[in-house]
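Trainee: Fit chain B to the supplied structure of chain A, relying on the hints for placement.
So the protein sequences, as listed, match chains A and B. If you read the first sequence in this note's numbering, its first letter stands for residue 1, the second for the next number, and so on. If you read the second sequence in this note's numbering, its first letter stands for residue 525, the second for the next number, and so on.
By construction, these hints were calculated from the structure, which means they are not laboratory data. It should be emphasised that the depicted structure is a prediction, and the values quoted were computed from it without experimental measurement. Treat the hints with care, since some could be wrong.
As the list claims (entries may be wrong) - Derived lysine-lysine pairs resembling DSSO-like cross-links, with alpha carbons at most 30 angstroms apart:
#1 B:Lys772 x B:Lys791
#2 A:Lys314 x B:Lys700
#3 B:Lys765 x A:Lys501
#4 A:Lys314 x B:Lys588
#5 A:Lys279 x B:Lys588
#6 A:Lys500 x B:Lys748
#7 A:Lys314 x B:Lys791
#8 B:Lys700 x B:Lys748
#9 B:Lys621 x B:Lys588
#10 B:Lys748 x B:Lys772
#11 B:Lys765 x A:Lys524
#12 B:Lys760 x B:Lys774
#13 B:Lys765 x B:Lys748
#14 A:Lys501 x B:Lys772
#15 A:Lys279 x B:Lys621
#16 B:Lys774 x A:Lys501
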Amino acid sequence: MFRTRLLFVVVACVVFGLPFSVQAEVQLSPENNAATGLTRVFLQQVSFDSAIVKWRGEPDSIRFGTDVSQLDQTALAFDEGHHKLASLEGLTPDTLYHYAFADSGSEKAIMSFRTAPAQGQTPADGNIHLWLLGDSGTATELARGQYVHEGEAASVMNGFLKYNREQAGNEPIDLLLLLGDNAYLEGTDKQWQGAFFDIYTDIITGAATWPTIGNHEMGVGAPFNICVFRKIPACEMGPVMMNLGGISESSDPDSYDSDGDGPDASGLPYLNIFSLPTKGEMGGIPSGTEQYYSFNYGNVHVVSLDSQLSNRDKMQRETMRAWLIDDLSANQMDWTVVIFHHPPYSKGENHDSDREQNEIDMRQSFAPVFDSYGVDVVYSGHSHSYERSWYIRDHYGMSDTFDLAAHAQLDSQGQPSLGQGSDAYAQISSSTGVDDRTVYTVAGSAGKADKENPCPEGQLMGCTLPDWLRHPAHRTFTGSKPGFREHGIALKGSVVLDAKKNELTSRFIDEHGQVLDQFTITRK
Amino acid sequence: MSTLRSIQTTSVLLMLILSKLGFAHPGDHHSIAELNVLLAENPGEQSLLVARGALYTRTGQWIKAEQDLRQAQIPDSEKEVAFELGRLYYNMGDYLKAWGYFDTYLSLYPGYAPAYLLRARSAKELNQFEAAIESYLTYLDMTPQPQPGEYVESAQLFAAIGNRARALDMLDSGMKKLGLNPQLQRYAMELELERGEPNLALTRWYSLEGYLGRTAQWTMTLGKLLIIANKVEEAKLVISKARTQLSKQKSTSAREAIRQELDRLEKIPG
Chain A
1 MFRTRLLFVV VACVVFGLPF SVQAEVQLSP ENNAATGLTR VFLQQVSFDS
51 AIVKWRGEPD SIRFGTDVSQ LDQTALAFDE GHHKLASLEG LTPDTLYHYA
101 FADSGSEKAI MSFRTAPAQG QTPADGNIHL WLLGDSGTAT ELARGQYVHE
151 GEAASVMNGF LKYNREQAGN EPIDLLLLLG DNAYLEGTDK QWQGAFFDIY
201 TDIITGAATW PTIGNHEMGV GAPFNICVFR KIPACEMGPV MMNLGGISES
251 SDPDSYDSDG DGPDASGLPY LNIFSLPTKG EMGGIPSGTE QYYSFNYGNV
301 HVVSLDSQLS NRDKMQRETM RAWLIDDLSA NQMDWTVVIF HHPPYSKGEN
351 HDSDREQNEI DMRQSFAPVF DSYGVDVVYS GHSHSYERSW YIRDHYGMSD
401 TFDLAAHAQL DSQGQPSLGQ GSDAYAQISS STGVDDRTVY TVAGSAGKAD
451 KENPCPEGQL MGCTLPDWLR HPAHRTFTGS KPGFREHGIA LKGSVVLDAK
501 KNELTSRFID EHGQVLDQFT ITRK
Chain B
525 MSTLRSIQTT SVLLMLILSK LGFAHPGDHH SIAELNVLLA ENPGEQSLLV
575 ARGALYTRTG QWIKAEQDLR QAQIPDSEKE VAFELGRLYY NMGDYLKAWG
625 YFDTYLSLYP GYAPAYLLRA RSAKELNQFE AAIESYLTYL DMTPQPQPGE
675 YVESAQLFAA IGNRARALDM LDSGMKKLGL NPQLQRYAME LELERGEPNL
725 ALTRWYSLEG YLGRTAQWTM TLGKLLIIAN KVEEAKLVIS KARTQLSKQK
775 STSAREAIRQ ELDRLEKIPG
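Next up, chain A with everything else stripped away, as it sits in the complex:
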């Protein structure tokens, strides 16, 4: 009966122009998992001496080695979360490895990756090159029966690749960090395929992917009677129930529900797809859960927090916070990067860090830890635009309590510093003598960008309010370029982070390969 109703909804949505997504989807089964060819090859947990390769398809092993003409080592795979997983052990730090599938029938092209430098070290080329994607999963977003953002994530990727070719010496990506909402709208396995694996295919075979959980990774909310909004013909037969993705407020990954008919037996696809360190196996402190974790890569320490699930339950949030304190206490890397989905400071369309509890909780519970334990940069998504803070500390309240003099680093002229050129931010504050400032970046436009659409009187949603992209903690932009607002940029793009021994530089790259913002932090 429910499926029948769902069909009505789909038809109604097409006819009446309502947004919807295809909920009904074949769940993975051993039969279709075992079928046919090789797909979804991607790297996980590339460290200085090991790496994980995951894939789907017939091959049960891979060959690998440092000589591309002689892949003389073999790693056997086992099944995990509807994927095959092979661990490559005994690798040499900062070394190029090649791999191919031993029994794939037709020979798959040989793929390559470089192992991490030894812990605490920089690689031979002196730079760790990270690419960050927030809210990139729009390729599978349906509305009115159409893919409404088709090609936009690919366009952002092409912009990055153009930048990388023309301005970054075509340096290979070392790490791919996902900032959440990387498979719209419900984060189903099929959507991960269409929004992630089918787009970044060549990148994820050469660099490990490190994700964080966004709201669109957590399935749908409750089915709801659409007839209270519009009296479509189907309403004459009774209530018409509709499900939408991205609005689950559960703190329990086992409650993942892809289509509104109760928790999926196959579990949360995000956790099935990714293999993340829970026991400190990559250099961080054991978290005991894949929902939040940390790792070292050369001289960079990366922490992925869970602002979607663990953050919602006070006890779980406190435990995650205690873990973070232990983890950062033990961290001795040159640079510390934190990622999570819900931004502590944002005035995005519909996502206001003065209003959304997840964002408020992340700011109030975790920003003090970032200040006290030497976190350099924090990246989030959620708002489909770009905002980047000043070099700030001690601000945990609402936006109207932000005070430049009290919270931002000022230059010699008494103006907030942009962190560019000769005004690069210093990791250790000259005034306090400690590392107590952080730059917060919201980079949720790797799949779509919100556009200015002033709200009519009385309307708060689906439009831009007067304070859109005007959070005072974020840097200002002057001039009147299209897409630029007072404290943010409403254009599609992604972030590139480069970590050298004594310099950390973050750049926002648009879909045309142009650098629209950047800042640098230096250390002695």
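Mentor: The following block gives chain B in isolation, referenced to the frame of chain A:
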């Protein structure tokens, strides 16, 4: 049941449906404002009332929440609203009432794990620890992937009735499942101290050395444990080591606080 299980999200969902531009999920205040409009157009609509009531609960507007949820208790489906009413009273601090509503809801839907969790927490607030433990253990049994914090919380319940052995069992079973975990082991260390076993506390703390041993924080805590265990000379050496560790690490506010604590510890006679 599924409608009400996540009914708290419904108002957000409403916004999404109304949105002409696509999908977003507004803050609670935005959602309440829109729900006000919808309820004016659809007076008495149960799902809207429950959705707004849940949002009023989350934003601490108890009286409004109660009014909405009471109005949503339409004949023949009063129990459907019981979970949200339980959550309202739990947040208001009326734990007895909350407990009753969770019982009511579980009589209707005995497979709904979150109701066991909130019932356990309600019972805990009423110092009814045995009942809290029973409900919590049921919750854990129903949860395929318990989180680290849930093992800590369940251990706290056993500790509250003085059963530190069972509390430690809970933590150890958690670490058996999750792997050695600083959050669980730290609490276990505290429980060992509480039951007068400083040497066992030391053993547990030493187990974390591989992960935390390079930190001045860990070393300083070790020094404190050694003092408690009457190993003062050893403690002095350890505290000195913590200071050395500190000098080699990047200065942060947290490490400055450790430095001050080390100053204090070094002045302890012995």
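Trainee: Now tell me if each hint is right for this structure.
Mentor: Structure-based check of all given hints:
no., hint, result
1, B:Lys772 x B:Lys791, "holds, 22 angstroms"
2, A:Lys314 x B:Lys700, "holds, 24 angstroms"
3, B:Lys765 x A:Lys501, "holds, 27 angstroms"
4, A:Lys314 x B:Lys588, "holds, 24 angstroms"
5, A:Lys279 x B:Lys588, "violated, 46 angstroms"
6, A:Lys500 x B:Lys748, "violated, 38 angstroms"
7, A:Lys314 x B:Lys791, "violated, 38 angstroms"
8, B:Lys700 x B:Lys748, "holds, 27 angstroms"
9, B:Lys621 x B:Lys588, "holds, 17 angstroms"
10, B:Lys748 x B:Lys772, "holds, 21 angstroms"
11, B:Lys765 x A:Lys524, "holds, 25 angstroms"
12, B:Lys760 x B:Lys774, "holds, 23 angstroms"
13, B:Lys765 x B:Lys748, "holds, 13 angstroms"
14, A:Lys501 x B:Lys772, "holds, 17 angstroms"
15, A:Lys279 x B:Lys621, "violated, 41 angstroms"
16, B:Lys774 x A:Lys501, "holds, 14 angstroms"
Violated hints for the displayed structure, listed by number in ascending order: 5, 6, 7 and 15.
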